[in-house]
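**Q** Listed here are the chains, written in short residue letters.
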Amino acid sequence: GENVEQHPSTLSVQEGDSAVIKCTYSDSASNYFPWYKQELGKRPQLIIDIRSNVGEKKDQRIAVTLNKTAKHFSLHITETQPEDSAVYFCAARGTEGKSTFGDGTTLTVKP
Amino acid sequence: NAGVMQNPRHLVRRRGQEARLRCSPMKGHSHVYWYRQLPEEGLKFMVYLQKENIIDESGMPKERFSAEFPKEGPSILRIQQVVRGDSAAYFCASSQSSGVFNEQFFGPGTRLTVL
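First to last, the protein sequences are chains L and A.
Numbering-wise (this note's numbering), the first sequence opens with residue 1 and increments by one.
Numbering-wise (this note's numbering), the second sequence opens with residue 1 and increments by one.
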């Protein structure tokens, strides 16, 4: 089955700096890669996603890149703000419905 | 337009009791997915259901766990004879249709504590 690894597990940055979270996946059949933000005690919320036929996607301060050959994808957050502090999860999806998640990255943005 | 609803939000059970978790999908959604999240871990897929059908239950333990999504009413995740290791947050998500690219909207989760 699919296996998703996520690094780092914790990340601390100063406000205004950039943050990068990286994920690798094992199943070459995976073709959809969403990223979720989860605040403490809350539900995961989709923040950006990318399909396998796209190499990069950007939405304001958030961007995601995908390298299908190397089977890795990354989340980039620029100009970080304290409200960006949360746990971020990457996921990979191949067969319909079933998403495999990474173990999460706890991002702390220091004011 | 209400989002995905789950109840109860918190559930405490003693070892050996049964836990029933309910999930009402978003209006117009007929696909439901259940995930389990252990403390400080990612979400693990358990089961995918459409109305009256289990599509993929590859992530669900073979014993004590069952799920249903009846024609009327919410989806139910049932855990029989709970053990301490079942303590976790259980999230359900719903989508409007099947397909790899369909967004899954998550509910607020049920936090199960087994004493």
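Hints listed in this document are in silico derivations from the structure and should not be mistaken for laboratory results.
Just so it is clear, CB atoms sit at the ideal spot from N, CA and C, and this is done for glycine as well.
Heads up, a few of these hints could be off.
Derived list of chain L stretches under chain A, where covered just means 3 residues or more per stretch with a C-beta under 8 angstroms from a C-beta of chain A [unchecked claim]:
| hint | stretch |
| --- | --- |
| 1 | 12-21 |
| 2 | 61-72 |
Okay, the calculated beta carbon distance ranges per label pair [stated by the list, open to error]:
| hint | chain 1 | residue 1 | chain 2 | residue 2 | range |
| --- | --- | --- | --- | --- | --- |
| 3 | A | Ser66 | L | Ser28 | 15 to 23 angstroms |
| 4 | L | Glu79 | A | Gln17 | 27 to 35 angstroms |
| 5 | L | Gln81 | A | Phe101 | 28 to 36 angstroms |
| 6 | L | Glu79 | A | Glu41 | 24 to 32 angstroms |
| 7 | A | Gln80 | L | Lys57 | 27 to 35 angstroms |
| 8 | L | Lys58 | A | Gly73 | 38 to 46 angstroms |
| 9 | A | Val12 | L | Gln45 | 38 to 46 angstroms |
**Q** If a hint holds in the structure, say so; if it doesn't, say that too.
**A** Okay, the hints, checked on the actual structure:
1. With a cut-off of 8 angstroms between beta carbons, the stretch 12-21 of chain L has 0 residues touching chain A; three or more are needed, and the interface restraint is violated.
2. Check result for the stretch 61-72 of chain L against chain A: violated, 0 residues qualifying (beta carbon to beta carbon below 8 angstroms, three or more required).
3. As the Cβ distance of A:Ser66 to L:Ser28 is approximately 33 angstroms, the hint placing it in 15 to 23 angstroms is violated.
4. Separated by about 49 angstroms at the C-beta atoms, L:Glu79 and A:Gln17 break the suggested range of 27 to 35 angstroms.
5. Separated by about 29 angstroms at the C-beta atoms, L:Gln81 and A:Phe101 satisfy the suggested range of 28 to 36 angstroms.
6. For L:Glu79 and A:Glu41, the hinted distance range of 24 to 32 angstroms is satisfied, since their beta carbons lie about 30 angstroms from each other.
7. Between A:Gln80 and L:Lys57 the beta carbon distance is about 43 angstroms. The supplied range of 27 to 35 angstroms is therefore violated.
8. For L:Lys58 paired with A:Gly73, a C-beta distance near 42 angstroms keeps the hint of 38 to 46 angstroms intact.
9. Taking the beta carbon of each, A:Val12 and L:Gln45 are about 27 angstroms apart, not inside 38 to 46 angstroms as hinted.
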